[in-house]
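Using the sequences and the hints, build the whole thing.
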Amino acid sequence: MDISSEKLSWLYETMVRIRRFEETMLEQTFKGKSMGVTHSSDGQEAGPTGICAHLTEKDWIASTHRGHGHCIAKGLDSKAMMAEIFGRVTGQCKGKGGSMHIADFSKGMLGANAIVGASIPLAVGAALTAKYKGTDSVGVAFFGDGATGQGVLHESMNLASIWKLPVIFACENNHYAEATPVEYAVSVSDIADRAASYSIPGVVVDGMDVFAVYDAAGEAIARARRGEGPTLLELKTYRYHGHFHADVPEKYRSKEEEDSWHARDPLTSFEKRVLDQELMTEEQLAAIRSAIDKEIMAAVEFAEESPMPPLEELYTDVYVSYSNPVQGLR
Amino acid sequence: MDISSEKLSWLYETMVRIRRFEETMLEQTFKGKSMGVTHSSDGQEAGPTGICAHLTEKDWIASTHRGHGHCIAKGLDSKAMMAEIFGRVTGQCKGKGGSMHIADFSKGMLGANAIVGASIPLAVGAALTAKYKGTDSVGVAFFGDGATGQGVLHESMNLASIWKLPVIFACENNHYAEATPVEYAVSVSDIADRAASYSIPGVVVDGMDVFAVYDAAGEAIARARRGEGPTLLELKTYRYHGHFHADVPEKYRSKEEEDSWHARDPLTSFEKRVLDQELMTEEQLAAIRSAIDKEIMAAVEFAEESPMPPLEELYTDVYVSYSNPVQGLR
Amino acid sequence: MTTQAAANPLGPGFDVPGSEATYRETFNRTLRDELERDPDVFIMGEDIAGGAGRYDEEGKPLDAWGGPFAATKGLVQDFGMERIRDTPISEAGILGAAVGAALTGTRPVVDLMYFDFVTVAFDQLLSNAAKSRYMFGGQTKVPLTIFARSGAGTGHAAQHSENFYSILAHIPGLKVVAPSDAYTVKGLLAAAIRDDDPVIVCNHKKLINTSGFVPDESYTIDIGKGRVMRQGKDVTLVGMSWTSRVCLNAAEEMAKEGIDAEVIDLLSLSPLDEDVFLESVKKTNRVVIVDEDTPRASMASEVAAVIAEKAFDYLDAPIKRVTGPHTPVPYNKGLETAFIPDEAAVIGTTKKLLGL
Amino acid sequence: MTTQAAANPLGPGFDVPGSEATYRETFNRTLRDELERDPDVFIMGEDIAGGAGRYDEEGKPLDAWGGPFAATKGLVQDFGMERIRDTPISEAGILGAAVGAALTGTRPVVDLMYFDFVTVAFDQLLSNAAKSRYMFGGQTKVPLTIFARSGAGTGHAAQHSENFYSILAHIPGLKVVAPSDAYTVKGLLAAAIRDDDPVIVCNHKKLINTSGFVPDESYTIDIGKGRVMRQGKDVTLVGMSWTSRVCLNAAEEMAKEGIDAEVIDLLSLSPLDEDVFLESVKKTNRVVIVDEDTPRASMASEVAAVIAEKAFDYLDAPIKRVTGPHTPVPYNKGLETAFIPDEAAVIGTTKKLLGL
Ligand SMILES: Cc1ncc(C[n+]2csc(CCOP(=O)(O)OP(=O)(O)O)c2C)c(N)n1
Ligand SMILES: Cc1ncc(C[n+]2csc(CCOP(=O)(O)OP(=O)(O)O)c2C)c(N)n1
Ligand SMILES: [Mg+2]
Ligand SMILES: [Mg+2]
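Residue numbers (the numbering used here), protein chains in the order written: chain S, 41 to 370; chain U, 41 to 370; chain Z, 9 to 364; chain D, 9 to 364.
FYI, nobody ran anything at the bench for these hints, they're computed from the structure.
A hint or two may mislead.
[Said to hold, decoys possible] Just some of the chain S residues that point at chain Z, by a computed CB distance under 10 Å: (1) Ser74; (2) Val129; (3) Cys133; (4) Gly135; (5) His302; (6) Ala303; (7) Arg304; (8) Ala338; (9) Met348; (10) Pro349; (11) Leu351; (12) Val358; (13) Gln367; (14) Leu369.
Cβ atoms here follow ideal geometry from the backbone N, Cα and C, with glycine treated the same way.
Next comes the structure, spelled out in structure tokens:
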């Protein structure tokens with residue numbers, strides 16, 4: 041395998057960080073610590089990890105309501121993320137965005153977005169900036185199988201194709217949009233096949249295997265950086281938990297189905313593979329896991345102890361400048 | 041050829057009616073008789089004619105800003121159409137809609153629409169009604185190559201496919217959207233190929249040959265009536281005049297290109313074919329032409345002599361009922 | 009009992025058989041009634057059933073979700089998938105298809121979940137639903153009902169908390185109703201579904217779990233009629249949707265201090281019942297308009313403008329508006345709470361207005 | 009000269025070098041100036057060049073269309089296709105891409121043709137352009153300019169005649185400007201493109217062929233500042249976009265009869281310059297607000313509400329609104345003309361208000 045050992049441990053560390061963050065985030069949500077709904081991405085760790093492994097802070101990603109994994113893979117700080125979910129002023133968005141709007145522009149993370157499909161053209165625009173300014177940055181649009189129902193995806197893929205923009209359309213097909221099975225809502229068996237409508241490459245990828253994602257994404261991103269245009273990646277994956285914290289997935293999917301996906305868990309299959317191939321030792325893996333455990337616990341503490349935003353924050357950040365603000369008429 | 045002689049003369053009569061209507065409509069527009077912009081469809085007669093030849097008043101069509109051909113093929117009265125363009129109360133919409141909004145619900149014509157792409161889902165909805173009520177009616181969505189840039193087309197084709205609705209997506213690819221060449225704006229060489237994204241049939245049709253359209257449409261509509269779902273037809277065609285009355289197409293397309301399409305004129309090729317095969321006589325064709333000439337002249341006279349809508353019409357037809365109308369605050 | 013009842017005080021106290029019920033139950037129950045009443049009525053939306061295409065042990069279609077806030081819970085199992093139609097996430101396509109269906113002889117009801125998502129389908133709403141009848145010279149109609157959830161208060165943040173009704177009420181061709189309790193949602197939702205024009209039903213998230221008296225019998229409340237929620241003589245408080253309750257609570261509070269406020273509940277935002285608040289202002293000579301929506305070109309602005317034009321000579325004091333600020337809705341609970349006009353704000357403004 | 013000049017009467021009469029020019033020429037010229045000023049500025053839209061991908065004899069990109077009303081005529085040949093970017097008909101995708109580009113370091117200017125088409129991209133406008141800065145806690149900005157044509161008067165009928173600015177001005181996070189002549193469009197368009205927030209520029213179709221004095225030098229007009237178009241003492245007429253000219257014409261007419269009307273031109277709808285009309289009303293004690301947009305929850309309503317709250321004690325008469333009716337825009341010329349508030353309507357209403 042042509043992956044440096046640093047990269048290898050980064051892949052594992054990142055997937056573990058996502059897993060622990062989501063599990064902890066859910067616990068905290070049930071404890072009432074989140075100020076709003078939360079959407080966990082555990083089970084889907086391989087996608088963002090394998091893709092962002094090829095990106096730097098100069099590259100941009102656009103994310104969704106299920107965005108914690110994208111954030112972590114793009115290098116966001118778990119403390120600031122947890123604090124945002126807790127609605128604290130130390131949060132990534134000063135507690136004004138919450139779980140569905142975590143962003144860090146300094147890291148090239150253009151934000152989670154709570155309107156399904158709405159963040160896709162933002163990645164196209166980021167790629168347009170790259171082309172306009174002549175840099176080799178790329179834009180990655182993460183979106184789900186359900187988002188393929190939105191017309192703006194079609195428009196975005198057409199624009200990226202005719203303008204040969206450096207965009208990766210990363211469809212995380214976790215087989216459900218809320219409680220709606222993909223086979224009901226999507227009129228094609230492999231979403232990747234829709235790439236043909238835009239004369240761009242479309243690749244079906246095992247979204248549970250970080251190495252498969254790493255390879256497919258590496259090719260697509262290299263192609264984009266070479267100025268050869270966009271690629272559509274379909275990552276077949278699965279969300280272990282419900283659509284949002286309170287959803288009960290047993291109502292619409294079977295135990296057998298869930299088990300079959302858990303059997304392909306991205307973390308355990310990674311562990312098995314690196315141990316079999318003696319690329320990493322059990323000690324190394326364990327060390328990473330316990331380090332991440334501590335980090336996430338520390339993130340919760342940090343969030344817990346952080347102050348709430350002052351009331352004036354209600355009125356700030358609407359505009360860069362505005363001559364006549366209206367603070368409600370009282 | 042398995043077309044009855046009645047149908048055969050209907051095809052010719054309808055194409056001639058469209059041609060004469062558009063030419064006359066343009067003349068009248070330049071004379072200042074139209075109250076707004078007009079978009080001529082001459083050159084594109086074979087499409088609406090070959091498709092509507094299979095429809096009854098129980099079937100529905102949704103149309104565009106370039107809708108006169110669709111209206112005529114669906115059996116609308118040229119008098120009421122011309123009067124509408126002249127803004128008269130005898131017009132199809134009492135002079136309140138104009139060239140871009142001609143409709144006749146009694147004929148299953150759901151209206152021309154001035155928002156590109158916006159009428160496409162209306163045909164899907166009409167097909168939904170057919171399915172819901174268990175009739176064998178179909179819905180036809182006419183739209184241009186430029187409209188394929190709109191996300192709502194993607195959404196509509198996906199909906200029609202998953203619900204197996206009786207819809208014909210009739211893309212009139214006249215190779216330009218205003219002054220934008222299709223090869224610049226559309227990222228696939230044959231729009232019909234996009235049907236694969238929805239697991240439905242997609243057929244490239246010679247949009248200058250009414251017989252080719254008649255056959256392809258016949259198959260698609262029969263399929264729809266059998267409950268087997270939608271079809272995407274791409275009619276390759278050409279508009280002889282500018283995008284709208286004042287547009288000068290020479291600015292963006294070549295004489296050679298225009299000539300090559302005129303050489304395939306739907307009317308002359310029809311005439312040649314029926315005469316060669318002795319399906320109709322020159323006398324029959326001439327009789328039809330002069331009858332239509334008279335009809336269209338009569339339509340202009342009718343429009344000319346028709347009264348304007350009374351001022352009260354400004355306030356009517358906003359709602360079926362409204363308890364507190366606001367006639368402007370004066 | 010239609011308008012009459014609508015003009016009555018709050019739910020309880022009718023001499024008609026009925027019972028206490030939540031807004032949520034009543035909404036669901038009313039959908040059921042209308043589906044039974046008229047076979048042309050069907051409902052479309054994302055996960056209004058859930059698990060589409062899958063069936064339970066008894067071979068019934070799954071009812072795994074039941075719409076946001078369980079608005080459509082249980083309906084698919086009784087009415088089937090043709091009438092309770094789950095859709096992909098394609099608001100523009102869905103609403104456009106609903107308009108097309110309405111134009112051709114059915115009476116679609118569309119659940120757009122949150123008003124924020126109406127923006128994705130806004131062109132279909134403005135260009136087709138609202139304008140078809142007019143631009144086609146009155147030859148057709150659009151018997152379409154759209155409902156969604158509005159407002160702040162549940163930690164859904166900027167993209168799931170739009171009130172949006174000010175924008176909708178601005179649009180000619182649309183009707184907009186804003187129930188304020190279980191009693192009014194039953195009458196207004198039924199009226200909306202039976203109406204031949206496109207009607208949008210605004211359901212404030214904070215109302216959904218409230219409960220009140222609901223008559224058993226079927227009734228409609230006339231679209232275009234507001235109601236007097238509380239009689240008073242010192243000042244008029246005008247509310248809509250959630251803020252009608254805020255006004256009522258504020259009025260009860262102030263009553264303890266001897267301030268006798270009249271409370272007007274608009275119920276319909278388009279058509280707007282000008283008489284119900286003009287008559288009140290002519291009596292009290294003072295008015296505070298309470299609207300959770302952001303202030304500029306809002307329903308609060310409209311009510312103020314109508315009063316300033318038609319009841320000017322009766323006014324003894326400036327027209328006051330208490331609204332949300334000109335900002336998106338923040339996530340943090342404290343900030344979000346500060347966004348929403350509350351009793352304290354209404355009482356404070358009213359007392360200032362009364363010079364107390 | 010910025011605000012100062014903006015606060016001046018109409019174009020002519022400055023002691024600065026300049027010349028008569030049309031709104032159309034001035035708009036095009038200003039785009040050119042800003043493209044030259046800042047390499048990060050680029051323009052996107054449908055057929056803003058025309059014939060995309062094709063070249064003339066000299067190998068220059070075709071300039072076959074130049075945008076509706078020739079707004080961008082000639083620009084592609086001087087600035088190239090990267091900076092004058094023709095697009096497919098994908099308003100949501102285009103606007104979304106523009107927001108993404110603005111978030112990542114460029115300054116896009118988007119031509120959406122007619123305001124009616126903004127509805128197709130409305131979600132990108134409301135959910136992303138307007139809310140990104142706020143929901144991300146102020147860590148980013150959206151330096152985006154959107155322009156389109158508004159209003160009735162050209163026979164474009166229901167789907168091409170939206171004014172739409174009342175809806176836009178309602179939205180926190182957006183700025184909205186409405187020039188009323190060649191002089192103001194130069195200053196406001198330049199200010200919009202240089203502004204770090206999303207700004208929407210409303211160009212009324214009836215203004216595009218009007219002409220007036222335009223200074224040669226580059227200048228901006230502060231966004232958020234209105235102007236006094238005409239000084240007067242008897243009554244205040246408030247206009248915006250096209251209706252500012254209607255008000256001015258009406259004032260000149262009435263002057264002949266000895267009625268001395270002050271005319272306020274809002275120029276900015278968000279932020280709204282409350283002081284400029286409040287000061288005027290405090291002086292004249294009477295006001296007529298003239299707005300072509302449909303009346304409910306409109307800019308006219310907002311101005312009326314602000315006056316009713318903040319200048320109540322100065323008012324000697326009801327606040328009058330003269331607006332379009334609550335209907336879509338009809339096609340027939342006579343009906344369309346009746347839709348638009350004209351001088352006669354303004355004069356009639358004003359005289360009634362003055363008891364003449
Ligand atoms: C425009 C819009 N419509 C509907 C919703 C409600 N909603 C939130 S997430 C979701 C499902 C999205 O499914 P998918 O794209 O597959 O992403 P996943 O949740 O599976 O990660 C829906 C319908 C929304 N947020 N925005
Ligand atoms: C949403 C929207 N965007 C832009 C326009 C302006 N416009 C009118 S027709 C047209 C070109 C349409 O091209 P096409 O779909 O190929 O139809 P054709 O005119 O060739 O018949 C454009 C851009 C519009 N009317 N609606
Ligand atoms: Mg999914
Ligand atoms: Mg075309």
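For each hint, the structure was consulted:
1. Ser74: Check passed: Cβ of Ser74/S comes within 8 Å of chain Z, closer than 10 Å.
2. Val129: holds (8 Å)
3. Cys133: Hint holds; Cys133/S Cβ to chain Z Cβ min 8 Å, cut 10 Å.
4. Gly135: Holds: closest Cβ of chain Z sits about 4 Å from Gly135/S, inside 10 Å.
5. His302: violated (20 Å)
6. Ala303: violated (22 Å)
7. Arg304: violated (22 Å)
8. Ala338: Interface hint status for Ala338/S: violated (22 Å vs cutoff 10 Å).
9. Met348: holds (5 Å)
10. Pro349: Hint holds; Pro349/S Cβ to chain Z Cβ min 5 Å, cut 10 Å.
11. Leu351: Check passed: Cβ of Leu351/S comes within 6 Å of chain Z, closer than 10 Å.
12. Val358: Holds. Min distance 5 Å.
13. Gln367: holds (5 Å)
14. Leu369: holds (4 Å)
The structure fails to meet hints 5, 6, 7, 8 from the earlier list, while all remaining hints are met.
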